[in-house]
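Visitor: Listed in order, the protein sequences are those of chains A and B. Reminder that position 59 of the first sequence reads as 221 in the working numbering, one-by-one numbering, no gaps. Reminder that position 13 of the second sequence reads as 175 in the working numbering, one-by-one numbering, no gaps.
I should point out that these hints are in silico values taken from the structure, not numbers from a laboratory. Predicted, not measured: the structure shown is a model, and the values here were computed from it. Among these hints, one or two may not hold up.
All copies of an identical chain are treated as equivalent in the list; a pair is satisfied when it fits inside any one copy or across any two copies.
Unchecked claim - Below are the EDC-like pairs computed for lysine to aspartate or glutamate, each with C-alpha atoms no more than 16 Å apart in a straight line: (1) Lys-167 x Asp-246; (2) Lys-192 x Asp-246; (3) Lys-255 x Asp-196; (4) Lys-195 x Asp-246; (5) Lys-251 x Glu-220; (6) Lys-254 x Asp-196; (7) Lys-195 x Glu-220; (8) Lys-167 x Asp-196; (9) Lys-244 x Glu-220; (10) Lys-255 x Glu-220; (11) Lys-190 x Glu-220; (12) Lys-192 x Glu-220; (13) Lys-244 x Asp-196; (14) Lys-167 x Glu-248; (15) Lys-167 x Asp-249; (16) Lys-187 x Glu-220; (17) Lys-254 x Glu-220; (18) Lys-167 x Glu-220.
Protein chains: 2
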Amino acid sequence: MFSYKIIGYVAGIISMISFTPQVYKTWKMKSAKDVSIQMFILYTTSTLLWIIYGIISEQPAIYAPNTVVLFLSITQVILKIKYDSEDRKRSKKS
Amino acid sequence: MFSYKIIGYVAGIISMISFTPQVYKTWKMKSAKDVSIQMFILYTTSTLLWIIYGIISEQPAIYAPNTVVLFLSITQVILKIKYDSEDRKRSKKS
């Protein structure tokens with residue numbers, strides 16, 4: 163029997179995976195100049211709220227993948243701050 | 163009376179807003195080298211699925227903001243392709 167919940171799980175899995183290439187790219191290039199930190203701070207906040215919403219409304223398709231997204235989103239914010247500060251130091255030296 | 167649905171609406175609004183700074187930054191800097199196109203393609207796909215899930219399960223907090231996110235996410239993909247191709251042309255000339 164087809165349940166719409168499957169769509170939620172697939173959507174959740176893809177949302178979950180979607181942040182990985184950005185975190186990997188930032189980590190590999192050691193640069194995130196073009197990445198907006200505001201986006202990831204807002205995104206981290208909304209992810210936290212989606213987790214609360216998903217837990218209260220008992221929708222694992224919402225809270226489970228968002229827990230991974232929260233982790234990736236926080237990692238992206240940390241990498242962005244780290245590489246931007248290294249960039250500033252480098253441009254001061256030169 | 164407090165309803166958990168309010169959390170969903172707030173989460174939805176913040177998710178919706180969160181993509182705006184990235185699209186604005188890309189448009190203003192005319193560069194998106196550090197932005198992962200894979201992320202935004204995957205994100206566009208998951209957003210489309212969240213809209214379907216939200217419509218079937220009658221959760222406007224899910225489908226309404228995701229419609230805006232879908233538009234912003236597609237815009238980001240287009241801007242990324244545009245500025246990356248301009249970058250390549252520029253580096254060929256120099």
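Visitor: To test your reading of the hints: which numbers does this structure violate?
Guide: Going through the list in order, the structure violates hints 1, 3, 5, 6, 7, 8, 9, 10, 11, 12, 14, 15, 16 and 17 and respects the others.
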